[in-house]
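Asks: Protein chains in written order, with the working numbering: chain A, 1 to 647; chain B, 648 to 1294.
Everything labelled a hint here was simulated from the structure, so no lab data went into it.
Beta carbons are placed, not taken as given, at the ideal position from N, Cα and C, and that holds for glycine.
Keep in mind that a hint or two might mislead.
Selected chain B positions facing chain A (in silico; Cβ < 7 Å) [said to hold, decoys possible]: (1) Y683; (2) L709; (3) M757; (4) F841; (5) R873.
Straight line, CA to CA, 25 Å or less: simulated SDA-like cross-link-like pairs of lysine to any residue [claimed, not checked]: (6) K554/A with N49/A; (7) K983/B with R52/A; (8) K1078/B with Q1047/B; (9) K233/A with K1096/B; (10) K927/B with R557/A; (11) K1277/B with S1255/B; (12) K93/A with G853/B; (13) K367/A with S251/A; (14) K1129/B with K93/A; (15) K923/B with T541/A; (16) K927/B with L539/A; (17) K244/A with A678/B; (18) K554/A with Q1175/B; (19) K275/A with D60/A; (20) K1071/B with E1048/B; (21) K554/A with I697/B; (22) K891/B with R247/A; (23) K234/A with H1198/B.
2 protein chains.
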Amino acid sequence: MTKEFDRAVFESTLTKRFFYVPSFSIYGGVAGLYDYGPIGSVLQQNLINIWRKHFVIEEDMLEMDGAIITPSEVLKTSGHVEKFTDYMCRDVKTNEVFRADHLVEGILEMRIEESKLAKQAASGEGAGAEKAKKGGKGKVPKGAVVLSEEVEKKYEEILAQIDNFNGDQLGEIIKEYEIRNPATNNEVTEPVAFNLMFDSSIGPTGNLKGYLRPETAQAQFVNFQRLYEFNNKKMPFASAMVGKSFRNEISPRAGLLRVREFTMAEIEHYVDPLKKDHPKYEEVKEIHLNFLPAEVQESGSSTTVSMSIGEAVEKKIVNNQTLGYFLGRIYLFLAKIGIDETRLRFRQHMSNEMAHYATDCWDAEIKSSYGWVECVGCADRSAYDLTAHSRRTGVNLCAQEELEIPIVYDALVCVFNKRLFGPKFKQNAKKIQEALEALPQEQLAEIKKELDSAGKCSASLGLPEPVEITSDLLTIEMQNFKKSVREYTPNVIEPSFGIGRILYSLLEHSYYTRPDDASRTVFAFNPQISPIKCLVLPLLTGPAFSASLNHITKTLRSAGVAARIDDASSASIGRRYARNDELGIPFAITIDQLTVSENLVTLRERDSCQQIRANVDTIINIVIDIVNGKSSWEDVLKSHPTLSSDS
Amino acid sequence: MTKEFDRAVFESTLTKRFFYVPSFSIYGGVAGLYDYGPIGSVLQQNLINIWRKHFVIEEDMLEMDGAIITPSEVLKTSGHVEKFTDYMCRDVKTNEVFRADHLVEGILEMRIEESKLAKQAASGEGAGAEKAKKGGKGKVPKGAVVLSEEVEKKYEEILAQIDNFNGDQLGEIIKEYEIRNPATNNEVTEPVAFNLMFDSSIGPTGNLKGYLRPETAQAQFVNFQRLYEFNNKKMPFASAMVGKSFRNEISPRAGLLRVREFTMAEIEHYVDPLKKDHPKYEEVKEIHLNFLPAEVQESGSSTTVSMSIGEAVEKKIVNNQTLGYFLGRIYLFLAKIGIDETRLRFRQHMSNEMAHYATDCWDAEIKSSYGWVECVGCADRSAYDLTAHSRRTGVNLCAQEELEIPIVYDALVCVFNKRLFGPKFKQNAKKIQEALEALPQEQLAEIKKELDSAGKCSASLGLPEPVEITSDLLTIEMQNFKKSVREYTPNVIEPSFGIGRILYSLLEHSYYTRPDDASRTVFAFNPQISPIKCLVLPLLTGPAFSASLNHITKTLRSAGVAARIDDASSASIGRRYARNDELGIPFAITIDQLTVSENLVTLRERDSCQQIRANVDTIINIVIDIVNGKSSWEDVLKSHPTLSSDS
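Take these sequences, add in the hints, and give me the full structure.
Replies: Right, dumping it as structure tokens:
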């Protein structure tokens, strides 16, 4: 199917049938913003509902709904104010703006392509030769340069690492390879960092700066203590949040895949760093996934390895059970909603592409016409965020473990002579005291030795000047301790779902055309995720028909089953089936003369086009049961013979 | 219950059990932003899911999910850039900011109260006298002034109209009555308009201004044509959207009732202005509501009238069937989720409080400890928005009606002599031509008369100068027309739900304390809306107990039923029931020795504290059926005798 896939036709169907469209299009639209119509929005909702059942309910997670507007202090702590940036440059004359890495990428790819065409034209062979002959729009562009093998290799190297360059490096590449605005041939400015968060001001004073959140995670972390208490202080546990996040892309592209406003579903699983096993690990251990480990990629290959999660964890390809468990659950979720398993792989991040907070990361990547796209990230954020927020606010964000056997140990401690210490160091006293108390045991032992022998000691305590301490100010003693509670900052394993990307992939994977008629497009949504569950088609009008129509739609809708009526008597039944197949509606009930005379209706299944006929209420119950997952079309066929198939 | 209601205790329960808390509280919090915890967020979700089933599915509405970030052009057209403001003033010395109407209101209310206390202190009677004697915190404040009857009456009048003053009027009141910052006694500045939208900049150039949407409605209006087409061009129909909207309040107060970020659910029902009847009107006609019509309020009363929707529509108290239909559906929805019907009324807006776009408006107001609060607005926005967007963009936002009997009529039309007309008026030619074509028939008739008689005519066409037209340039002719399609801009009836306000009201209405122990608080959520459906309590630990525990929780959760385990063996069963009643969990399954020996468990209902005992799977199915609305506790008791009731 992928081979014949025509994205232009596909996208025009999505727009025509209002799955989603650029926002505010009657005002010319805004890049990177989309409105989801009746199909797109309900598909997204159903996807989220399945997600909630699969993760939040089945795994007993603590869901939250936090604020979108986030004060800058919080995002300074998380690192987003400093690091959540892309590089941009401008055309020096027209001021047109480019994302620097995309500009370099685009130009180098174009030069390689043009060089290939020009070479072919020169040699008289291949596509370039054809184009050179034809002239016109397809001809080898003027100024196309044949690249030396060395330059071409250099270009390929740059393209392979394009995600890893910082602004200075991009600036050097732009200078060295004379990258210009392709539209004007003007030079572009040095790349500057552009923060990707939308900012605003909270309240009327203008003094409180805020941002639209770039992820839902931070609102979960800052509530860690409340979540931990809600969970009766039991570890491990997870919180979860579904909601919109924002990213002020420099130049949005690739439809739903890179947008400025997007729905995320994020899980933060808090775990003891010493106990990364998972109580339900056994349930996923035997599942086979397509893995693409970092090692394989670093060796230059992108061949996936199929193995069981159990094997991957045992071989330390996947770091721990908890990570493995979530990879398995992510797989089960994606399969459940209808993602094609053969177009799904789990790719490990290489060390140079990891986010600033992550220590290990696996992406669930789904293949579409845009290539392999990250749709779910599963990162081990270690203790990064909780530690940073705790340090910044002074609030304890730790978990406690009661030790069955208390730990008894000796340790050196500082005993200060407060009467002398304060007056001696004045405003620095507190700082020096804290620095001494924070010293590791070995250093304390050294100081003790010097104080005991020489009666004084000069210590560099991270202050501008070394401090001289005398034995009248400080005694260092060995004391005995007993600890019955172990306190630790939990590590966080974070499966983070890009709902829009999953939804787009699902649309591509669900799309097909009827073998006998390429103009008849169908979306093969399964009955659980399909936005509209049942079409109701009256073949004639009149009171008898309306009564049946009302009974059927009212009964279905009262059971929470979305039903659509297509009663345009001007359109043929085939035409009506076709235009509703395009909305992915799995079932259609047709009301005809036999309904009026014998209370019988037909039920048609979308993909097979098979039909059965039965009593109205029997058919209604069949639809409700399938939608609720209590039955399937195959089950139904066992007790109901099919009529002749329609087309 | 309301009488004994202690809001401080109530709110501390909400915070302690993480229903919702101020956002980013470890950073000191941000006024007007709240994070919903595991109970609050899922309660909100369930509320929205019931809303979706009740409205979107049962009424076959077209749901959308539009962008939050909205370009300023759209909100200029809707009137928000100009009119979505409150007035604020500042302390002239400290710069502290006040919302002007709230400041006036607060000060006048305080003066009236102080005057009352001072009068009582002087006369030696009442609360003021008590306070005057006691002194200390409760004493009559220094500087309390006894107001003359006339001044007090004036204050009362101002307070009654506080929502209706513009900035200048508020400024005059502030001057005339010497309103100052109560904390510093400094004067305050003239009130200035403050726009309540959060603004931001879209993209990297800084040239495209955007706002966070103040309502979801506009994203629906700008997509009207796509929605209409999706509905196969049938009228009437409705679109709907659920999502966050934003309002940069000057000084947020009253908890969830006035916040900066809130979830709305809005329906836009598009209807032919000539046909405001509703096909399902019969279904709600007999429902009795408590009405508070504008007329009653204008006569100074706030006594509600109970009558049927049918009667209210017939008497023109409610303008039309469609409005009446939605009032009925709103009532049914609120009753379904658990709002106390005796604390619900429908209040009509008086003409001076209507929003700029509305022609009629009814609010569903719910009574809580904050008084009567608007929770659902149901406005007739007429054709305001569609007309404005269409005019601004030039895009047709009309519906078409095929006329069964075409209309045949004669009309005057302009026939231009293009060869002469263009050269004569040059760059103004097009403008003049359009102005002439847009003239009403009477004016055309006059011009025709003059041209026919004098051969020329001077016409003021809305241009700076009158234009002289001669009969060689223009002929006005009577022509015959036949119209088989009637085109009109639909009117919009908009039920708009403030989800946070409904949720807060529901919390107050659901809250009670056990008659025998005021410290044991309970939330009486019904099984459909309750965030957690079932508590599972193992009374002992060990493998046999864990096996039952796992079986029960896994079965419930697989059926989508949220279950919580409380296995803290250190806490007594009574204590465990109590702390989970506080989360509103309707059912509790207890695992005890009889579970291990005979596979029996008990099931306890939260409000009655009644218990039954039965086989594990029987009990599980009872819970699932009640949660899915297929059965009720009363039904269950018919076939299962209760055990002795616990406390």
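Asks: Are there hints from earlier that the structure breaks, and if so, what are their numbers?
Replies: 3, 8, 9, 14, 20
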